[in-house]
Amino acid sequence: MAKKRNGRQDAIRDIVRNKNIRTQRMLVDELKACGYDCTQATVSRDIADMGLRKLPEGVYVLAEDLHLQRMVSELVIEVLRTENLVLIKAQPGTASGIAAAVDAAELPDVLGSLAGNDTILVIARTAEDGERLEALISKLCNPHR
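Start counting the sequence shown at 0; every next residue gets the next number (numbering that gives the first Met the number 0).
If you are wondering where the hints come from, they were derived from the structure by calculation, not from laboratory data. Watch out, some of these pointers could steer you wrong.
Label pairs and their computed distance ranges (CB to CB) [said to hold, decoys possible]:
| hint | residue 1 | residue 2 | range |
| --- | --- | --- | --- |
| 1 | Leu84 | Asn17 | 14 to 22 Å |
| 2 | Arg52 | Leu84 | 27 to 35 Å |
| 3 | Glu127 | Ser43 | 30 to 38 Å |
| 4 | Glu77 | Asn19 | 16 to 24 Å |
| 5 | Ala32 | Gly96 | 13 to 21 Å |
| 6 | Thr41 | Asn17 | 19 to 27 Å |
| 7 | Lys31 | Pro107 | 17 to 25 Å |
| 8 | Asn17 | Pro91 | 24 to 32 Å |
| 9 | Ala126 | Gly50 | 26 to 34 Å |
| 10 | Lys31 | Asn5 | 12 to 20 Å |
| 11 | Met25 | Arg69 | 20 to 28 Å |
| 12 | Ala40 | Gly115 | 45 to 53 Å |
| 13 | Asn17 | Glu82 | 12 to 20 Å |
| 14 | Gly96 | Met25 | 41 to 49 Å |
Yeah, the Cβ is synthetic: ideal placement off N, Cα and C, and Gly gets one too.
Taking the hints into account, I'd like the entire structure generated from these sequences.
As structure tokens, this is what we get:
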């Protein structure tokens, strides 16, 4: 049972990071698409267990991504990507704090990051991981995307 729950919670983590989930019903539907047959009550317990929060825009975010979201939404100017390299342009003097928040979020697609004064280079494992990371950072910058 615990293994099943952990697998489902891993799936929830992936879904919340990669899609704009606004309701528990949407999350149940996404989990069903991934092969997890669960009820809204189960998802509600998972949300509480995992400490998921809703942004003011109504989109669920992982607790560990909340700090990253705050940093990114206030300080990031632009996100660019080529293959597995994601370049984040930020307000002057804020790059090291943003890089620390990226590292603290322990994103599974990220190998590491380097920060200058206003630029962060984040290295993802693969080009596909880079694409997911770019989408996540862009979503955190502007949750309406």
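We went through each hint and held it up to the structure:
1. Leu84 / Asn17: 14 to 22 Å: Because 19 Å falls inside the window, the suggested range holds.
2. Arg52 / Leu84: 27 to 35 Å: Cβ of Arg52 to Cβ of Leu84: about 30 Å, so the range 27 to 35 Å holds.
3. Glu127 / Ser43: 30 to 38 Å: 31 Å, holds
4. Glu77 / Asn19: 16 to 24 Å: 21 Å, holds
5. Ala32 / Gly96: 13 to 21 Å: Because 36 Å falls outside the window, the suggested range is violated.
6. Thr41 / Asn17: 19 to 27 Å: Holds - the Cβ-Cβ distance for Thr41 and Asn17, about 21 Å, lies within 19 to 27 Å.
7. Lys31 / Pro107: 17 to 25 Å: 23 Å, holds
8. Asn17 / Pro91: 24 to 32 Å: Between Asn17 and Pro91, where Cβ atoms are some 31 Å apart, the hint holds.
9. Ala126 / Gly50: 26 to 34 Å: Holds - the Cβ-Cβ distance for Ala126 and Gly50, about 31 Å, lies within 26 to 34 Å.
10. Lys31 / Asn5: 12 to 20 Å: About 18 Å separates the Cβ atoms of Lys31 and Asn5, which means 12 to 20 Å holds.
11. Met25 / Arg69: 20 to 28 Å: 24 Å, holds
12. Ala40 / Gly115: 45 to 53 Å: 48 Å, holds
13. Asn17 / Glu82: 12 to 20 Å: Taking Cβ atoms as reference, Asn17 and Glu82 lie about 19 Å apart, which means the hint holds.
14. Gly96 / Met25: 41 to 49 Å: Given about 32 Å between the Cβ atoms, the range is violated.
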